[in-house]
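S.K.: Here is how the chains run, residue by residue.
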Amino acid sequence: MAAESIEVRARTKEDAIRQALEQLGVSRDEVEVEVLEEGRSGVFGVGSQDARVRVTVLEEYLDADEPEDESPQPFTRDQQEPEDEDGGDEDLGDEEDEDDGEEPEAQPRFSDEDTETARGTLEQMLDLLEFPNVVTVSGVDRDGNTTNIHLDVAAEEVGLMIGRRGETLANLQFLLNACLSSTLGRSIRVIVDIEHYRDRREQSLRGIALRAADQVRRERQPVTLEPMPPNERRIIHVALQASPYVATESTGEGPERRVIISPKTASSGRRPSNGYRRG
Amino acid sequence: MKEFLEYVTRLLAEAPDQVEVAETVDGTNVTYELSVAPSDVGRIIGREGRVIRAIRGVLRAAGARQGLRVSLQVR
Numbered sequence: 575m576a577a578e579s580i581e582v583r584a585r586t587k588e589d590a591i592r593q594a595l596e597q598l599g600v601s602r603d604e605v606e607v608e609v610l611e612e613g614r615s616g617v618f619g620v621g622s623q624d625a626r627v628r629v630t631v632l633e634e635y636l637d638a639d640e641p642e643d644e645s646p647q648p649f650t651r652d653q654q655e656p657e658d659e660d661g662g663d664e665d666l667g668d669e670e671d672e673d674d675g676e677e678p679e680a681q682p683r684f685s686d687e688d689t690e691t692a693r694g695t696l697e698q699m700l701d702l703l704e705f706p707n708v709v710t711v712s713g714v715d716r717d718g719n720t721t722n723i724h725l726d727v728a729a730e731e732v733g734l735m736i737g738r739r740g741e742t743l744a745n746l747q748f749l750l751n752a753c754l755s756s757t758l759g760r761s762i763r764v765i766v767d768i769e770h771y772r773d774r775r776e777q778s779l780r781g782i783a784l785r786a787a788d789q790v791r792r793e794r795q796p797v798t799l800e801p802m803p804p805n806e807r808r809i810i811h812v813a814l815q816a817s818p819y820v821a822t823e824s825t826g827e828g829p830e831r832r833v834i835i836s837p838k839t840a841s842s843g844r845r846p847s848n849g850y851r852r853g
Numbered sequence: 013m014k015e016f017l018e019y020v021t022r023l024l025a026e027a028p029d030q031v032e033v034a035e036t037v038d039g040t041n042v043t044y045e046l047s048v049a050p051s052d053v054g055r056i057i058g059r060e061g062r063v064i065r066a067i068r069g070v071l072r073a074a075g076a077r078q079g080l081r082v083s084l085q086v087r
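Residue numbers (the numbering used here), protein chains in the order written: chain A, 575 to 853; chain B, 13 to 87.
There may be inaccurate statements among the hints.
[What the hints assert, rightly or not] Examples of chain A residues lying across from chain B (beta carbon under 7 Å, computed):
(1) L703
(2) L734
(3) L749
(4) A752
(5) S756
(6) Y819
What the hints contain is simulated information worked out from the structure, not anything from laboratory work. Ideal Cβ positions, reconstructed from N, Cα and C, are used throughout, including at glycine.
Generate the whole structure from the sequences, applying the supplied hints.
M.R.: Listed below in structure tokens is the structure:
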């Protein structure tokens, strides 16, 4: 059966999803949302760009005769259908059938339910804080025994939800992970992003690192960056760790901890492997 | 905000039915008093106070948007 699917373009991802839901006459938990183009709001970037989403009504809701219930139930997305052949592999409810033949499953499959629980829990938290929001799963990957679930939030008040230096975003992510490990008791890790703040921030941090390193190299004077949380300091360290000219270290305590970039001196050649020192 | 606090605390607690939140509003100051089972206090506070700090941070951000100063105590 063909799933009902439409594409909508709007100023923001959230607007597009809303319009799509209105057109389809369904609620958020009855559809799968695929973001085709991220909108750019102009808050962070210069120009704004429309967002484009494809919204597909999940099959189990297509042939359901019952009218849509008024209370949004975030966890109903992948409840097992009662019918269906009970073959060996469980189908996770995708509308496209993946018939790649049977590939051996070396890794235990992550549970789609966990992903939905993570998504639903974050959505519920933001709803209760009265932040209008749409949470989508932007990816799932595995890192050893841990399942990483990437969630992306589209919202109106993006700046407030991110907070100064990403503090509110970090708090939300920390809380979400604490709640989930308490309820699921499994090793999953959720990475929350808000309108790609993390990607953009990482790029701008690398830019900051490289420009500061360049200055250090020219002026042969250390440069101290502004205070940053651990994950951001790490991006700076990693960006410059291969530099033959500068060394990085962190100094200060707690929220005041910051990275100092200083010229590498003859004696500070910690890594014997970097042989290109110039006289 | 009260509902958020209740929701999060109940997910964290092992005895969610013993979670209670009292809200006091005084002008623009909002105070929440959270009480949980004694065995759950550690879970709500977290290692080095990280959980309670995250809760406070989120409440502060949500409150600031309505011009409110939010404080939270655990009993």
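S.K.: Are the hints correct? Go through all of them and say.
M.R.: We went through each hint and held it up to the structure:
1. L703: It holds, given that the least Cβ distance between L703 (chain A) and chain B is near 5 Å, below 7 Å.
2. L734: holds, 5 Å
3. L749: holds, 5 Å
4. A752: At 5 Å from the nearest chain B Cβ, A752 (chain A) passes the 7 Å test, so the hint holds.
5. S756: Since the shortest Cβ distance to chain B is 5 Å, the answer is holds.
6. Y819: Where the cut-off is 7 Å and the nearest Cβ of chain B is about 37 Å from Y819 (chain A), the hint is violated.
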